[in-house]
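Asker: Model the full assembly from the supplied sequences, consistent with the hints where possible.
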Amino acid sequence: MVGERYHAIHRCGLYIPGGQVPLVSTVLMTAIPAKVAGVPEICACTPPSADGKINSDILAALYLCGVKEVFAIGGAQAIAAMALGTDAVKPVDKIFGPGNAYVTEAKRQLFGRVGIDLLPGPSEVMIIADRTAKPAWVGADLCAQAEHGSGKEKLYLVCDNEELAQRCLSEARTQSSTLQHGEKIRKALDLMTCVILVSKIEESARVANLVAPEHLELMVAAGKINKLSEAITTAGAILIGHHTPTVLGDFTAGPSHTLPTGGTGRFFSGLRVPDFLRRTSLVRYDEASLKKAASVVDAFAKMESLDAH
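In terms of this note's numbering, the sequence shown opens at residue 1 and continues consecutively.
One or more of the hints may lead you astray.
To be verified - Capping the alpha-carbon separation at 27 Å, the derived lysine-lysine pairs in BS3-like fashion look like this:
#: 1; residue 1: Lys200; residue 2: Lys184
#: 2; residue 1: Lys200; residue 2: Lys227
#: 3; residue 1: Lys184; residue 2: Lys227
#: 4; residue 1: Lys302; residue 2: Lys291
Hint data in this document are derived by calculation from the structure and do not stem from the laboratory.
For clarity, every value in this text was computed on a predicted model and none was experimentally measured.
Answerer: Right under this line is the structure:
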């Protein structure tokens, strides 16, 4: 008999960003799959505000998700606390959730001492746009990711027309002047934006697969969109069509917004329920099966010079 058995990870830690803005949705995107998987112990760390208190909306979301251990700790120190333990924080088996560059690096360095979900760092979006795209919509979606405010957000715009690219960027700058986080958005537009021109829109798939962006929007002609989406294999999430902005994935679409960044989409995938489970292989032979397999086992043992086998 050969089979598999799945068990929920015993104790998980959730990191909920809150330094720039309170990411209440991250509570839902991490705690709900943990609960569905049946994780018995869940703790959460989130940065306190200037008064030392945790944002009330984050607390409410954690309460509704049944997370009872909540610590006012942010940054790399929160990852260290959950991985190594403190007098107050019991160490966890695996850490989940996005964060800034310091949080991501802490997860990278502590992997092995503790499990990690993936490496979800500062937000990224790549928008592939052809002449059917509306510059105002493209500009709005660039602003939406730039406003996260870490200063490390990455914005990619791939077009087959230089004039279209300039109009999209102009729209983003114009819209930023009316937004609450306009200064941060303009900084990202100036310092963290990469415009890539391709001779034909089909070439954008190769660009996307090299970058492996967290979010990939396809604002292209309907006749090309399916073939283009099928050619892209490394994006964290592909948002298909003019009416599918990245913010839907951030809040309501369904799949978790905890996605790989920094090119790690080449080998990581977005967070989902199975990430909160571990799998055990089951093997059971009877006497007849053992005798049947003995000659094969003996052959491998001789090839590998392992005579105790």
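Asker: With the threshold set at 27 Å, check whether the alpha-carbon distance from lysine 200 to lysine 227 stays at or below it.
Answerer: Holds. Lysine 200 to lysine 227 sits at ~14 Å (cutoff 27 Å).
Asker: Given the hint that lysine 200 pairs with lysine 184, test it: the Cα-Cα distance must not exceed 27 Å.
Answerer: Violated: lysine 200 and lysine 184 sit about 32 Å apart, past 27 Å.
Asker: Take the C-alpha atoms of lysine 184 and lysine 227, compute the straight-line distance between them, and say whether it is at most 27 Å.
Answerer: violated, 36 Å
Asker: Is lysine 302 close enough to lysine 291, meaning Cα to Cα at most 27 Å?
Answerer: holds, 17 Å
Consistency with the previously given hints fails for numbers 1, 3, ordered from lowest to highest.
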